[in-house]
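**Student:** Please take these sequences and the hints and turn them into a complete structure.
First to last, the sequence lines map onto chains A and B.
The first sequence begins at 0 in numbering that gives the first Met the number 0 and counts up one residue at a time.
The second sequence begins at 0 in numbering that gives the first Met the number 0 and counts up one residue at a time.
It cannot be assumed that every hint is accurate.
For identical chains, the list gives no copy identity; a pair is met inside one copy or between any two copies.
As the list claims (entries may be wrong) - Derived lysine-lysine pairs resembling DSSO-like cross-links, with alpha carbons at most 30 Å apart: (1) Lys253 to Lys279; (2) Lys280 to Lys179; (3) Lys181 to Lys205; (4) Lys165 to Lys388; (5) Lys88 to Lys393; (6) Lys203 to Lys136; (7) Lys347 to Lys374; (8) Lys205 to Lys124; (9) Lys88 to Lys216.
Keep in mind the hints are simulated off the structure, nothing from the lab.
There are 2 protein chains.
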Amino acid sequence: MENISTTYASIITIGDELLIGQVIDTNSAWMAQTLNTIGVLVKRRIAVGDDWQEIWAALDEESNHSDIILITGGLGPTADDITKPLLCKYFGGTMIMHQPTLEHVTYLFEHVFKRPMPLLERNRKQAEVPDVCTVLKNERGTAPGMLFEKKGKIFISMPGVPHEMKWIMNHHVLQIIQQKYKTGFIQFRTLLTAGIGESFLAEKIKPFEEALPSYIKLAYLPNYGMVRLRLSGYAASNPGQLVNEIDQQFTLLKTYVSDVMVIDEDLPMQAVIGKLLQEKKQTVATAESCTGGYIAHLITSVAGSSAYYEGSIVSYSYNIKERVLQVPDEVLNTYGAVSEETVCLMVKNARELMQTDYAVAVSGIMGPDGGTPEKPVGTVWMAVADKNKIISQKFHFRFDRARNIEVTALTALNLLRKLIVDNH
Amino acid sequence: MENISTTYASIITIGDELLIGQVIDTNSAWMAQTLNTIGVLVKRRIAVGDDWQEIWAALDEESNHSDIILITGGLGPTADDITKPLLCKYFGGTMIMHQPTLEHVTYLFEHVFKRPMPLLERNRKQAEVPDVCTVLKNERGTAPGMLFEKKGKIFISMPGVPHEMKWIMNHHVLQIIQQKYKTGFIQFRTLLTAGIGESFLAEKIKPFEEALPSYIKLAYLPNYGMVRLRLSGYAASNPGQLVNEIDQQFTLLKTYVSDVMVIDEDLPMQAVIGKLLQEKKQTVATAESCTGGYIAHLITSVAGSSAYYEGSIVSYSYNIKERVLQVPDEVLNTYGAVSEETVCLMVKNARELMQTDYAVAVSGIMGPDGGTPEKPVGTVWMAVADKNKIISQKFHFRFDRARNIEVTALTALNLLRKLIVDNH
Numbered sequence: 000m001e002n003i004s005t006t007y008a009s010i011i012t013i014g015d016e017l018l019i020g021q022v023i024d025t026n027s028a029w030m031a032q033t034l035n036t037i038g039v040l041v042k043r044r045i046a047v048g049d050d051w052q053e054i055w056a057a058l059d060e061e062s063n064h065s066d067i068i069l070i071t072g073g074l075g076p077t078a079d080d081i082t083k084p085l086l087c088k089y090f091g092g093t094m095i096m097h098q099p100t101l102e103h104v105t106y107l108f109e110h111v112f113k114r115p116m117p118l119l120e121r122n123r124k125q126a127e128v129p130d131v132c133t134v135l136k137n138e139r140g141t142a143p144g145m146l147f148e149k150k151g152k153i154f155i156s157m158p159g160v161p162h163e164m165k166w167i168m169n170h171h172v173l174q175i176i177q178q179k180y181k182t183g184f185i186q187f188r189t190l191l192t193a194g195i196g197e198s199f200l201a202e203k204i205k206p207f208e209e210a211l212p213s214y215i216k217l218a219y220l221p222n223y224g225m226v227r228l229r230l231s232g233y234a235a236s237n238p239g240q241l242v243n244e245i246d247q248q249f250t251l252l253k254t255y256v257s258d259v260m261v262i263d264e265d266l267p268m269q270a271v272i273g274k275l276l277q278e279k280k281q282t283v284a285t286a287e288s289c290t291g292g293y294i295a296h297l298i299t300s301v302a303g304s305s306a307y308y309e310g311s312i313v314s315y316s317y318n319i320k321e322r323v324l325q326v327p328d329e330v331l332n333t334y335g336a337v338s339e340e341t342v343c344l345m346v347k348n349a350r351e352l353m354q355t356d357y358a359v360a361v362s363g364i365m366g367p368d369g370g371t372p373e374k375p376v377g378t379v380w381m382a383v384a385d386k387n388k389i390i391s392q393k394f395h396f397r398f399d400r401a402r403n404i405e406v407t408a409l410t411a412l413n414l415l416r417k418l419i420v421d422n423h
Numbered sequence: 000m001e002n003i004s005t006t007y008a009s010i011i012t013i014g015d016e017l018l019i020g021q022v023i024d025t026n027s028a029w030m031a032q033t034l035n036t037i038g039v040l041v042k043r044r045i046a047v048g049d050d051w052q053e054i055w056a057a058l059d060e061e062s063n064h065s066d067i068i069l070i071t072g073g074l075g076p077t078a079d080d081i082t083k084p085l086l087c088k089y090f091g092g093t094m095i096m097h098q099p100t101l102e103h104v105t106y107l108f109e110h111v112f113k114r115p116m117p118l119l120e121r122n123r124k125q126a127e128v129p130d131v132c133t134v135l136k137n138e139r140g141t142a143p144g145m146l147f148e149k150k151g152k153i154f155i156s157m158p159g160v161p162h163e164m165k166w167i168m169n170h171h172v173l174q175i176i177q178q179k180y181k182t183g184f185i186q187f188r189t190l191l192t193a194g195i196g197e198s199f200l201a202e203k204i205k206p207f208e209e210a211l212p213s214y215i216k217l218a219y220l221p222n223y224g225m226v227r228l229r230l231s232g233y234a235a236s237n238p239g240q241l242v243n244e245i246d247q248q249f250t251l252l253k254t255y256v257s258d259v260m261v262i263d264e265d266l267p268m269q270a271v272i273g274k275l276l277q278e279k280k281q282t283v284a285t286a287e288s289c290t291g292g293y294i295a296h297l298i299t300s301v302a303g304s305s306a307y308y309e310g311s312i313v314s315y316s317y318n319i320k321e322r323v324l325q326v327p328d329e330v331l332n333t334y335g336a337v338s339e340e341t342v343c344l345m346v347k348n349a350r351e352l353m354q355t356d357y358a359v360a361v362s363g364i365m366g367p368d369g370g371t372p373e374k375p376v377g378t379v380w381m382a383v384a385d386k387n388k389i390i391s392q393k394f395h396f397r398f399d400r401a402r403n404i405e406v407t408a409l410t411a412l413n414l415l416r417k418l419i420v421d422n423h
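**Tutor:** Right under this line is the structure:
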């Protein structure tokens, strides 16, 4: 058997905007997931500013920690982008014009961006690269990827624009890593639970956790009344054995949590609902007040959701509740928009209007303003309906506006899920 | 004048979920913004797994880089959370029961979580802390913050749950830093442009950029056909002078970009529209097909949006386009749902149905499936309307589903903004 050692990667993201909080880094999560699929473990992720010394130090440090250093950002055409000249110096090269990249940049400007103006000097400069790198073509943009090697470590620089970075990862980086390293095997199994807190879940599965072999890790990922449990294992060789062992442990884990398990896959709630509805060829509609379209957005973020989702009436005003959802004026005035009476009429009428098997409705006060002593910020009424019944429930959440919207949407989707499951 | 030096912070986030891409880190961005308000510069952000050696190494390294090391995550009640025992060892302490925290945890379980069960041993353990730390009460949860000092550097550990971390930052950390360090002053000015690419914008403001003093930095933050320009400056003392200088430069910058500037504040597009509508006491409604409620979600993510937003008809199916939005069957069958004819009727009828001053409508194909040779994935028709006119436009985006939804929504909101501005 070959001697295979673990391959580690560090991800360095470059840009002042990451350090002043103006941008949230979503690239790193995608990169980590993608590297895991080819058996590379991400050891560290680091963000530094557009600062010569800081970038230099990060390259030094991360090459002590990892075999592969992936770098994103700082490759734009403007003066604040210093990554390329720095990499040129760091790896002891000279900048040269890369003719295929220049042709690609010219093509993009003439045929894709359709600029009437000639190529600017700063756009031509996008095609310059250090002569010590291997150029990785970026079909999606003007800044190419660049591969460097030093002391047995590989360094790959990519633009920070997400779809450009992903293209370069998928079309170059994964193959390069797989050719160069005999990477190991990483296996995950994830299940989703709802309605039980992290501590009580931990207590419930304590015997399982205590008996788990040391090379399989258990993680708790809590999120708004839902907890995902993840088993993970890494094997330098013999992936079949690892898969078998993780599968066995996962089967055992499921017996411990059968009463609180939503699904034995790493799927978000909206995808779970999509699967259930597609299996039964059933449909759903939504009527949203306080979530303002966020439930509809979650449902339609799933590709193929048009097979089971009809639409939403986002009734942000009394007017729309009354005229489109037919909630009578006297109900709104007597009980208020945030009431069991209103939300039950919203769900009933939305289901009838949109002619679906199921409907969900929410009405609440997300804050920061709009609360009253009787109905403070965070008060939410929600209801789900099928042709036979309406189930309504009141909640009180205590987060900020954005989180209140998120937790309301997820809680409503979970109510819907339970109704669908109970009907099956 | 006092001798004041720059105060630097590092942020360490702990958790395997950050390294396998299962969770996107939004805490760091908020922490960085908040530290900037008190004049602390974030130098590095680093993510490491739930791994003893890695966390230890990160504490060592970051204390070489920065004065303040903020640590989030790894404080949960489950076995994968090792941060607390590690910190105890790192700072040479012993674990002791912290009575006020125990009382707080007991209170939370009895009165807030309203658990019928007694406190578990693992919940009691949440109240144990190293005897070498200062406990920072966490009113929002069971894991307290902990402050350590070593070799003149301060280390603060907080839970990773966003609203708990924010509470501890706002109620303890900012004051502690301000008491301990004479922090400097950071000033930002940001403006938003639309309809001009990063390179051409850079060319346009080249004379400005070249004449900018070295202590004021200019950054380009591009995002879907919009570019934010940010001036930033740092002063160890004399904040008044810095504010004056940045204000002067910002005024000058605005003269260069007056024809492409959306707003001279760091506001998202939906907040810009909110401001415009509130000034004029006007209202808007939306009719969304392909964006599936995301435009409504963006608009309602702004607190106070109920003053100008009526609602949305999310017409994900032909059925809802026909029955709720009154787009005739023959139009849908002759021209298709993704057509100028359909989207113009959607916008007109949505505005009339919801009785607003303005309306926006979109219909397109977001992918990955559903494209045809004539209407490939990424084809979008959008329209905006007021009482006098309808303006429609066709686009072709070339991203993945999630990005196509995002760019469609932002482009539609920008069309709406232009219409409102033209009417003023």
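**Student:** Tell me the hint numbers this structure goes against, listed in increasing order.
**Tutor:** Hint check: 2, 3, 4 and 5 fail, others pass.
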